[in-house]
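Heads up: the sequence lines are chains C and A, in that order. Residue numbering for the first sequence is 39 to 152, as defined by my numbering. Residue numbering for the second sequence is 430 to 540, as defined by my numbering.
It is worth saying that the hints were derived from the structure and are not from the lab. Keep in mind the model is a prediction, meaning the values are calculated, not measured. Glycine residues also receive a C-beta, built at the ideal position from the N, C-alpha and C atoms. Warning: the hint list may mix true and false statements.
[Stated by the list, open to error] Listed below are the simulated DSBU-like cross-link pairs for lysine-lysine, each with C-alpha atoms no more than 35 Å apart in a straight line:
| hint | chain 1 | residue 1 | chain 2 | residue 2 |
| --- | --- | --- | --- | --- |
| 1 | C | LYS102 | A | LYS537 |
| 2 | C | LYS104 | A | LYS508 |
| 3 | C | LYS58 | C | LYS102 |
[As the list claims (entries may be wrong)] Far from chain C, some chain A residues (derived; all Cβ distances over 12 Å):
| hint | residue |
| --- | --- |
| 4 | ASN441 |
| 5 | GLU472 |
| 6 | ALA496 |
| 7 | TYR499 |
| 8 | GLY522 |
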Amino acid sequence: GAVVSQHPSWVICKSGTSVKIECRSLDFQATTMFWYRQFPKQSLMLMATSNEGSKATYEQGVEKDKFLINHASLTLSTLTVTSAHPEDSSFYICSARNRNYGYTFGSGTRLTVV
Amino acid sequence: RKEVEQDPGPFNVPEGATVAFNCTYSNSASQSFFWYRQDCRKEPKLLMSVYSSGNEDGRFTAQLNRASQYISLLIRDSKLSDSATYLCVVNMGGGGNKLTFGTGTQLKVEL
Chain C
39 GAVVSQHPSW VICKSGTSVK IECRSLDFQA TTMFWYRQFP KQSLMLMATS
89 NEGSKATYEQ GVEKDKFLIN HASLTLSTLT VTSAHPEDSS FYICSARNRN
139 YGYTFGSGTR LTVV
Chain A
430 RKEVEQDPGP FNVPEGATVA FNCTYSNSAS QSFFWYRQDC RKEPKLLMSV
480 YSSGNEDGRF TAQLNRASQY ISLLIRDSKL SDSATYLCVV NMGGGGNKLT
530 FGTGTQLKVE L
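Same shape as in the complex, but just chain C:
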């Protein structure tokens, strides 16, 4: 089956620093990857959609300069939270879409900014 590997599982960082989260599709090529954020007791909210080799499409209200997305290959997408602040603390999850496997989710990254 399709597997998406997401790292790190959790990270604690200081305010003002940047954090990079990686998602890799291990046994399939992901034509599209989605990045979500989930606050406690809330639903997953789509942040952006990235297609390999092109710029990401951000949802309304998501700052593209703060949440940098790079989808340089068909198996790797990265999300960088720049100049992180405590309000960015959340659970970030990626999802890869492939025509054969549908949607596969990474295991998520719990970010805590102190």
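Go by the hints and put chain A onto chain C.
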């Protein structure tokens, strides 16, 4: 109105009970529908897709009513391990194949 709406619960049921969750969606042009299960602090995992004809997978039955824009999930003979949050998820079409998630319904199965 939320795009995908669910009762957050929690629903506390005894082991062996039958429990049903409902979900409504706002976009009549929505194309595909799913139920996902999410355990605490974990990623969502696909439980089942939902089809207009209704579909069953073991103890789980899902139904879709396009006219009412309503989706349901029925769990029979609930187990302790069924305790989780159940997410109603809709692909609303319109390009991009984006999924829209409901807030989830929390189920607690007790002895």
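Structure-based check of each hint:
1. C:LYS102 - A:LYS537: violated (38 Å)
2. C:LYS104 - A:LYS508: Since the Cα atoms of LYS104 (chain C) and LYS508 (chain A) sit roughly 43 Å apart, the hinted pair is violated (cutoff 35 Å).
3. C:LYS58 - C:LYS102: Given pair LYS58 (chain C), LYS102 (chain C) holds - Cα atoms ~14 Å apart, limit 35 Å.
4. ASN441: About 17 Å separates ASN441 (chain A) from the closest Cβ of chain C, which puts it past 12 Å; holds.
5. GLU472: violated (4 Å)
6. ALA496: holds (25 Å)
7. TYR499: holds (18 Å)
8. GLY522: holds (14 Å)
In this structure, the earlier hints numbered 1, 2, 5 are contradicted, and the remaining ones agree with it.
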